[in-house]
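A.B. asks: Just so you know, the protein sequences line up as chains A and B, in that order.
All residue numbers in the first sequence are consecutive under the working numbering, ending with 187.
All residue numbers in the second sequence are consecutive under the working numbering, ending with 457.
Please note that the accuracy of each hint is not assured.
Derived coverage of chain A by chain B (criterion: at least 3 residues anywhere in the stretch with Cβ under 8 Å from a Cβ of chain B; other residues may be distant) [said to hold, decoys possible]:
id	region
1	19–25
2	33–42
3	54–63
4	68–79
Partial list, computed: chain B residues near chain A (C-beta under 8 Å) [unchecked claim]:
id	residue
5	ASP193
6	ASP201
7	TYR203
8	GLY208
9	LEU210
10	LEU215
11	ASP216
12	ARG218
13	ILE219
14	LEU220
15	ALA222
16	ALA226
17	THR251
18	LEU252
19	ARG416
20	GLY417
Bear in mind the hints are in silico, worked out from the structure with no lab data behind them.
All C-beta atoms, glycine included, are put in the ideal place defined by N, C-alpha and C.
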Amino acid sequence: MDAPEPDEALMTRYRNGDAAAFDVLYHRHRGGLYRFVLRQVTSKALADELYQDVWMKLIDARDRYEPTARFTTWLYRMARNRVIDHYRRSAVRIADDGRGDTDPDSVAGGASSEPERQAELDGAMASLAAGVANLPEPQRTAFLLREEGGLDLNDIAAVTGVTPETAKSRLRYALAKLRKSLEAHHD
Amino acid sequence: MTEHDDPEFDDVRDAYRRDGGELPDAALDQRILAAAQRATEPAAEAPHWRPGLAVAAVVVLSATLVLTMRPPESNESATSAPASAQTQATAEASPAESARTADDNLVAADVAEESEVVDTIVVTGSRVSQDASIDAEHRPVAAKSEPARRERALERAPQSMVASPAVAPDLPERREQVAATELDAEGAEEVARQAAAPTEPELLGIAAAVDAAAPTDVRVQLIIDTWERGDADAALKALDDLVANDEALTETELKAQLPEALFLTWRERE
Chain A
1 MDAPEPDEAL
11 MTRYRNGDAA
21 AFDVLYHRHR
31 GGLYRFVLRQ
41 VTSKALADEL
51 YQDVWMKLID
61 ARDRYEPTAR
71 FTTWLYRMAR
81 NRVIDHYRRS
91 AVRIADDGRG
101 DTDPDSVAGG
111 ASSEPERQAE
121 LDGAMASLAA
131 GVANLPEPQR
141 TAFLLREEGG
151 LDLNDIAAVT
161 GVTPETAKSR
171 LRYALAKLRK
181 SLEAHHD
Chain B
188 MTEHDDPEFD
198 DVRDAYRRDG
208 GELPDAALDQ
218 RILAAAQRAT
228 EPAAEAPHWR
238 PGLAVAAVVV
248 LSATLVLTMR
258 PPESNESATS
268 APASAQTQAT
278 AEASPAESAR
288 TADDNLVAAD
298 VAEESEVVDT
308 IVVTGSRVSQ
318 DASIDAEHRP
328 VAAKSEPARR
338 ERALERAPQS
348 MVASPAVAPD
358 LPERREQVAA
368 TELDAEGAEE
378 VARQAAAPTE
388 PELLGIAAAV
398 DAAAPTDVRV
408 QLIIDTWERG
418 DADAALKALD
428 DLVANDEALT
438 ETELKAQLPE
448 ALFLTWRERE
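Can you make the complete structure from the sequences, with help from the hints?
C.D. replies: Quick look at the structure:
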């Protein structure tokens, strides 16, 4: 069985006018990217808007794409920038007071889940989703980039502009907090 | 799990991944895929004629701007350019004509100078911001003193076309003479045209000559025109002739067609 065509090759084909390559690329990343955006905003409608913006930006920027880095790094950097841009424009400060990197008990989350969305998730998932929403933004971003984007520590570091060690630390803090959320649910 | 995943937190990751996760709506997928498709279609690209059209529009706007902001005397120069071109062809005909030709050469040189400015705009005027700088360059040219312009124009004009200073008087004076000559010519044409035109009595004569053929209402209209022009006697005489030659014409009909003043005046005279 042939190995799946790399993202970079698909994006290069799309840049050269092959719309079918975009279809493959899109379906490969639609779920992860959507959840990455959805977990960082307060409503599904807003998530839809930002998610669409990211893809439109990618489409517009296709001519400038050069496969010098991983496609996912490029895609998720655009998505993160779009989320940050949204919060800046909305004058909503993303919780990033620095405590999240040093205090695992900090839960100064910037996003909150809608009640109806929470209702769709039962039990443990509801508490886990709430836990993700309540993570400090750097930890949440690191966690989502790893889980939804499949980025490794080096790519997470590249997207968020920190060292790989810092990215690893944030990821560990995030997982530790989420475990606490799961344990609280079981108790 | 990869080498980057800490096995210590496998349970958390597994719990998160069991969720399966939310997905975008199908409609949202379609919008994005359609946009991606459109972006690769040739029709989505800007038509090739658009840049050319934009450049043409800028050139036209720039030329219009220059012409609008040109001082009035320059406009005169531009207006007389065709005439000067014609005059150049008949240079050295007579001293007077030669003087006029030299003057026209000066004017033509001015126009050529202005054309150079316009050409500069055509070449470089791809942006509105450049228009301003070009216009700024143009202003000092237009603002230069008249003697300086004349001297420069004389230097540029072909030697055969340039009359001696004695023959070519000062430029403003020559322009006045040219204007006066043109006015004289127009006046002569007007006199000739008026001389060739029929006089009012002649018009009345024409009206009388067509008595037999002209319908009564046409003759009545000629009489009314004569009356309204102020020639009451001619109008009344023509009206007498009309009534004398048309026995069927009743007084009631005349009253209905003629202005009241004319009718009453004619009636009183009767």
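A.B. asks: Indicate, hint by hint, whether the structure satisfies it.
C.D. replies: Right, here's what the structure says about each hint:
no.	hint	in the structure
1	19–25	holds (count 3)
2	33–42	holds (count 3)
3	54–63	holds (count 5)
4	68–79	violated (count 0)
5	ASP193	7 Å, holds
6	ASP201	10 Å, violated
7	TYR203	6 Å, holds
8	GLY208	5 Å, holds
9	LEU210	5 Å, holds
10	LEU215	6 Å, holds
11	ASP216	7 Å, holds
12	ARG218	7 Å, holds
13	ILE219	5 Å, holds
14	LEU220	6 Å, holds
15	ALA222	6 Å, holds
16	ALA226	5 Å, holds
17	THR251	36 Å, violated
18	LEU252	35 Å, violated
19	ARG416	77 Å, violated
20	GLY417	80 Å, violated
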